[in-house]
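Protein sequences appear in the order of chains A and B.
Okay, so the first sequence: first residue is 1 according to this note's numbering, each after it adds one.
Okay, so the second sequence: first residue is 1 according to this note's numbering, each after it adds one.
No incorrect hints appear here.
In the SDA-like style, the derived pairs of lysine to any residue whose C-alpha atoms are separated by at most 25 Å in a straight line are:
| hint | chain 1 | residue 1 | chain 2 | residue 2 |
| --- | --- | --- | --- | --- |
| 1 | B | Lys38 | A | Asp33 |
| 2 | B | Lys203 | A | Glu101 |
| 3 | B | Lys203 | A | Arg193 |
| 4 | B | Lys203 | B | Ala96 |
| 5 | B | Lys38 | A | Glu181 |
| 6 | B | Lys203 | B | Glu129 |
By construction, these hints were calculated from the structure, which means they are not laboratory data.
As a plain string of letters, each chain reads:
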Amino acid sequence: MSTRDDVLAAVRAALGPDRPLEVAVDRTYRDRDPLPPGADVVDLFAERVADYRATVTRCSPGDVEAAVAAALGAATRVVVPDALWLDVPRCVPDHGLSAAELDAVDAVVTRATLGIAETGTVVLDHGPGQGRRAITLVPDLHVCVVAADQVVAGVVDAVAALNPTRPQTWISGPSATSDIELDRVEGVHGPRRLHVVLVTG
Amino acid sequence: MGRTFVGMPPFPVAARTALADSQLRRNLAHATGTIRGKRAGAVAELEDWEDLGAQAAAVKDRTLAHLDEHLVALEEALSARGATVHWARDAADACAVVADVARRHGIDEVVKVKSMATQEIGLNEALAEQGIAAWETDLAELIVQLGDDLPSHILVPAIHRNRAEIRDIFRTRMAAAGRPAPDDLTDDPAALAAAARLHLREKFLSARMAVSGANFAVAETGTLVVVESEGNGRMCLTLPDVLVSVVGIEKVVPTWRDLDLFLRLLPRSSTGERMNPYTSMWTGVTPGDGPQEVHVVLLDNGRTRALADEYARQALRCIRCSACLNVCPVYERVGGHAYGSVYPGPIGAIINPLLRGVGQDPQVDALPYASTLCGACGDVCPVAIDIPGVLVHLRTAVVDAHRSDTRPTAEALAVRAAAWTLGDARRLALAEKAAGGAGRVRRGRGMPGGRGAVSWLPFAGSRWTGARDLPLPPRESFRAWWRRGGGTEEGRR
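For reference, chain B alone in the conformation it holds in the complex:
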């Protein structure tokens, strides 16, 4: 158990493999189509949806502009309510805190609430190295964990699996992790959910320590909020004695009443419901109710790197609703794995480069290009992140980061050649003459508007024509046409 995204190929390579999987594409088209319909209905019910989003964006921007002050306030409020606050610069810091807490109590098994932050830092793998088993309790995360698989969606990590595949995973893998699946398990979603209920219940009842994330952290009061559906979150947040929550520093909101925006936006945008079944809120330790030892780990892990980019820091507004994944034509066809991160889709294509930085890893540098820039993600974002704008901004950052590379890319060479040609009228005329010749010689499929097109070129031109037609150059350049009188009445005839 414990596959990670480390070593994944860059998006263009990974996408090709994913596109060849017709089962995956069917599963994704069905699931994203369903959720888009539900969301549209839930959003249409609130007439002031756009305004709520704009105000939520303003709250987040305000908070980010004074993030240090809000974090200190959050720490004070949490400490005053009996919670222990830890700070983590990176994944290693955060994982060490969680492992230390477990070790201090002699605990070798923890239950987990679905949490993007703990996925991001690879907590399960880090705990496994210390001999601590971390059990995912969200149904989709359980499917991914039992199947030794990788998450492919922020909200529904097993979106790439259909019911028959899930039944097979439960039948073959559940026994090794605890209570086995019933012998007569069918692929009915209700039966599969019931099997997960029985399997996990013995873990909930005996768990001494839980690990969670948080959707929001209120600076003024020290309140943490977890939004969920199944009740696995409530189980983890209520029954064990010890609770550790790993919270990204961008999750802070200044005041309790700010939640009146986010609790309206998140469920409708995420699962397309008026409200998710369960929301848990806790403020430090409540004597006699729930965990009596509460830890909160405030996690940077690249967030300050993103914050330093004055334009792109808007990505830190993200509330992880995953609406941008569900509307993205690229995501719908290739799925989440090709993005090589726990954050896939359009938000992943900006968050990963922002958290990790560009210019070091070709996998990360390819992500801002994993988009057609159609703009659907930006339109649907409930906190008004201009995802297409940030994608373009990051493409520039990637190019800038490679300007001093000793081996320029083919694209850079082509653009340099074009600049040289276009920079001088005589060179341009010669190039136009050559192109006109090619336009007369080559014949291919037609393009819209009646223009001829080349549909196949040898390497390296095949890298273009493999997926697109290349319009044929016009037989005559504008300047040649003008010289022979094309701009006059006679010339036109």
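Same shape as in the complex, but just chain A:
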């Protein structure tokens, strides 16, 4: 017998011939509003992203490039994915940069798939305008452009909208650790700074 057959046989033996009765799952939690009464989805998203000590700037659609340039500050080499559709200063297009080459880049600019107000989370599915996973990981500053109409209320809405066959990165603030005396420190291996440019209006 293969190890596969052994494990499956052990599972079947453990469960026995009489399987427990079907347990019902009540899915009404999906219909409940996850936000405090009266909260505005976009305002709450901005507030909760900032709670993680990420920076949030709001701008109108016409000012995105200026807001991105301001967010990049003194960064001298900025990697951008295909199909970003933004003019980014000092940019290095990602034509399959190696990890070492990415390590020599200061910042990355991307779009996002959606934002979640309940948790202040930005989700990337690494499609157009977001790039492969490595480019948003190795540089020290991640500037992420999120449109107000991409923000959903809760985790339930996000999971329903996302495509599981795409690789995903859910980002809630800059990288952080609480491993030393449970004292939270922002900035370990991922980008130490996260700047969300929220495009409204």
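Use these hints to put chain B onto chain A, whose structure you have.
Just chain B now, with coordinates in the frame of chain A:
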């Protein structure tokens, strides 16, 4: 490097040593107190928290009831997406798979994402025997590995270490493992995290193979999920060419949308955050993005043994949030090492006996007793595992497993003697008379309610009085009192 829990003494012995370490108790009280406060705030934000937990428990129970079908579905989905699926009956099977993959690529160094399953199977030690170095990249795991130490908490394995101890470990041990710590390293947590960043970055950039676990595995799609904070997980899951994930068979959830429960429960219950900084999800191989060779090892290692126990199988719902450790008065005082396993605390006290079986190892058999049964663990569990109930159930299992022992325990002898005494009215009367005599003779500290107590007895009675007072027997038994008319008006006077 590579200490293991093998040969640890049983809990009562190990706990005594831990209790004598006042530094350890200070570190633990500080850390668990902080996390309890944070968690309470994050949980209070969701009004339907209890309901989410109940539904998550239902999803897990449903899944376990048809685990074989979900595992086969998971295997199919993973294979369809270019992943190679392996099955492991035990630790040896799983370690051999990982070592084989490394050897096939001529790799002698792997980076690791924090993973309970790989700790459980002793993967680092097994790889070391094959000449393969496994580098832990989670900050707390790095502290434990560099300090040649053992993990003492599921979420924060170095919870027993304070900042000054961590600085000393980095200063003295980092150089032997790669880039040394800076000369002017202070004990500021930000400086310590920065030192770990520099030390590990050269490992991430050059690593060709990574090993991870998974928090969830979605049967319908073949998606694996890793929840983390530091970005070390993303580094390992993204940069190397080869990725091997060791996944316990109980980690499977049937559908993608089931994640909408667990991704709300886990971060709030675990670190007390609305969401952990990074969650990575991948479904087999994505051409041009991330590892191009993906392996998944589905691990039994005792899980089917736990599954066979119809009542206690609820322990397999566990999502490893560690909330039960942080609220446990026993854990807070003795720390994790005394449990002698990578799974400490209340969940460890049930998971270890369930995975390994009772009646063979005194260390395992002692674990269900490492609890006051106060119930805090069961109240806090986000997937509604009745931990106190399972503890009592396992105590019964331990007693049952020892019924045919040739040398009965002192407790068994005492209970047998009590049964003999209580089984006959005359024997009971004689015993009561003797006890009443003792009640008149012995004097000790008072107990609540004004009753006298004995605070010291010679061996073997000292095993009780070493930690507790023994209430004095009443001077007169109920039956004697009744006979002399205690139930009437005159008798009462």
